[in-house]
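Peer 1: Residue numbers (this note's numbering), protein chains in the order written: chain A, 70 to 530; chain B, 70 to 530.
What you were told as hints is all true, and nothing was included just to trick you.
Subject to a maximum C-alpha distance of 30 Å in a straight line, what follows is the list of computed DSSO-like cross-link-like pairs (lysine-lysine):
| # | chain 1 | residue 1 | chain 2 | residue 2 |
| --- | --- | --- | --- | --- |
| 1 | B | 306 | A | 361 |
| 2 | A | 416 | B | 306 |
| 3 | A | 111 | A | 220 |
| 4 | A | 306 | B | 306 |
| 5 | A | 306 | B | 416 |
Rather than coming from a laboratory, the hints here were simulated on the basis of the structure.
There are 2 protein chains.
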Amino acid sequence: MSDLDAVLGSIDTNLDASIERLFDLLRIESISTDPAYAAECKKAAEFIVEDLKTIGFEASVRETAGHPMVVAHHDGPEGAPHVLFYGHYDVQPCDPLELWDEPPFEPRIKEMPDGSKQMIGRGTSDDKGQLMTFVEACRAWKSETGGLPVKVTLFFEGEEESGSPSLIPFLEANKDELKSDIALVCDTTMWDRETPAISTALRGLLGEEITIQAASRDLHSGFYGSAAANPIRILSKVLSGLHDENGRVTLDGFYDGVPETPDEIKQMWAGLGFSESEFLGEIGLSLPAGEKERSVLEQVWARPTAEFNGVIGGYTGEGFKTVIPAIASSKISFRLVGTQDTLAIRKTFREYVQNSLPADCSVTFEDHGASPAVHIGYDMPEIQKATAALKDEWGKDTALIAMGGSIPVVGRFDEFLDMPSMLVGFAQDDDRIHSPNEKYELKSFHKGTRSWARIMAALAE
Amino acid sequence: MSDLDAVLGSIDTNLDASIERLFDLLRIESISTDPAYAAECKKAAEFIVEDLKTIGFEASVRETAGHPMVVAHHDGPEGAPHVLFYGHYDVQPCDPLELWDEPPFEPRIKEMPDGSKQMIGRGTSDDKGQLMTFVEACRAWKSETGGLPVKVTLFFEGEEESGSPSLIPFLEANKDELKSDIALVCDTTMWDRETPAISTALRGLLGEEITIQAASRDLHSGFYGSAAANPIRILSKVLSGLHDENGRVTLDGFYDGVPETPDEIKQMWAGLGFSESEFLGEIGLSLPAGEKERSVLEQVWARPTAEFNGVIGGYTGEGFKTVIPAIASSKISFRLVGTQDTLAIRKTFREYVQNSLPADCSVTFEDHGASPAVHIGYDMPEIQKATAALKDEWGKDTALIAMGGSIPVVGRFDEFLDMPSMLVGFAQDDDRIHSPNEKYELKSFHKGTRSWARIMAALAE
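Whole structure, please, built from the sequences with the hints as guidance.
Peer 2: In structure tokens, the structure reads:
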């Protein structure tokens, strides 16, 4: 029996114990965006470090100005490549809590009518479940062979869901320690339940929050209605003015740096058998809402967008209150592609908002981070090796796809460590990440672990 | 000493005890719009009934499908007119709670730099403080003369701040008991701190809540951004489309039944010495936001308006979440004048919203009540008598004004009891009703009580 066969056998045999370790991690409420959960974030980092030490990693919790990082090292054979595996142990908030069928931090396995099994709970898919696929692959290699086939650095962040404020300073301060031959990132999806995928393009992300102030206090709409500026009315004008009737973003220069998708890429996508009506139908919709005359795949993979992620103002409780509020605010994000300039777009956006206000109203802006789009060459040798390893596990060719979401760390690795990334993930599109009843399929977890075991062997060759 | 002089003296002497009684009522958290406070509403009704019995009223708590009514009767001299005094014991919610300098249900007196005193707390001005001015006037009449100069029915509602759902059924069921010669309503403001006012026109009110549903669940904006409909974007379009660039409401037929203000009324208003810049400056604004080419007084007294009272959708907590929410909603109110048809406007509004949606999105509507505008004749003999009584108390002519707010009960008294109303109030424009740190001036309370003692005497003549 080859080493790899023994490792895969160990993964199969010890699956239940792997699930138990993941569930212990899932029970930690590591919501990074809400300061109330800071202690839970630290607890998650410490939990992982203790676990990694049992595998034989030299692992430590590394403090930052925000939530801590986890860094761990394990040597490989002489001359073997050095890979850095990235994941994040923080999770999204859980509201609206009432839409969860079970408490979000009490993970459980649910058997589906088709016999498949889902692990349900916040962070199962994004990203604790994915993160642990690599850790479990390392554990199996170590237990069966006493070592790892490649030199491994693990790098786990606790602020991915809150804009990664500590990431750049940490990369700059620990450049020599973290710099590896390639970063492996497990925070993406498969093409479908049978087909593995490697993502070679990621949209960038620009997050902004605007708060519009009109009167100096909340007003009674009977006394002041129509004479006093209403910040919800102003905010609505600002938001509704950001798209034209064709779904295009109206900011000056917004499309500078947006490339046309090459025909060969469009042809490759056409061969994926993607169904627009199924994609939208699964979420209760039927009409693409983006730029007219662009396909849905183009809209989510290759075109930029402005989305409103939150809005609040005035009285929002039960019943009615005839108030004109003093303030109204909105959280807005832009997904970016190509070489769109995040800072130029932020500046243009803020000018647009400022210019939309009556002279006696004001606006404050909050910066929720910016990362440019990332494009990875299809021809990297590591992608060829990983593709072969994935075919051995899944029996199907790997789909080389674009990704609508942003994984800013990939751009940071490139910029600050001059290190390329390879994005291999085992999540499914319907995993409800960031939503109630988030899940990760047991098959994703099990075969994802096996996939990493294979990829590690392939990269060592 | 005349009876009236004795009564006024008694009011002065017993002012501290009057304040104590009012504060006991203010401590009851009778928020009608939130079902969690139902028991507090009932407690307020019971508190008032017990107090009225000590004065000699035949008083009772009267159950309804919602919060109870208080009805109390006291006879007057043979042949004296029968007045019904209306007020409401319920109050507005207190959010945002963090903007209150002190807890809203712990009333206190604050001495201002100019030596005046303010009673601060939820309901001080709207309407518990105003309601108690009349009760205290009755108490003084009774204690000094053993009776009241007119026959009095007191009628206190507990659902004024939540659309008065029980009012019409109660009026219809108790028509004979409640029908009086005139209703006195104390829920309005003075012209300024020195000048009493009687309101002769009130805008109507139409309350609507819309909830727009796009996808069947919250989505990750990375996966779905731009392809999936965003309900905040749709809602923004709906709201921003309700006004044109001149501040006019765009709904078809909205201005049907809106009369032009007669020149003689405009001239009377011009004589009031109203300052637009002071009115707006007091709330931190400088530019009228209503219909262009209408004065601020016209905008708030004589013109209809659409106001957005609340909006919510998506993630609104700290930090950022790249979600595309499934729903977004808004509370919207229309202030109406003249003979604008509330039901026709509701229908047109709902059609407008429905027609603004993409075909794969939906909307639900919640009805938050409707009441038409009310106009009261300047020439009612009771207004003449009250004007004289108010001049005796304040030393100034009474301003006959319009009111931007809605007091639906006035229209209901007219429609269901064929009973005219006279609106005399002692609140100030800056009382922050419906807002944090609501206040009622001690002078309003004290001289308001004295004013009612005088008006009762005047009406008896």
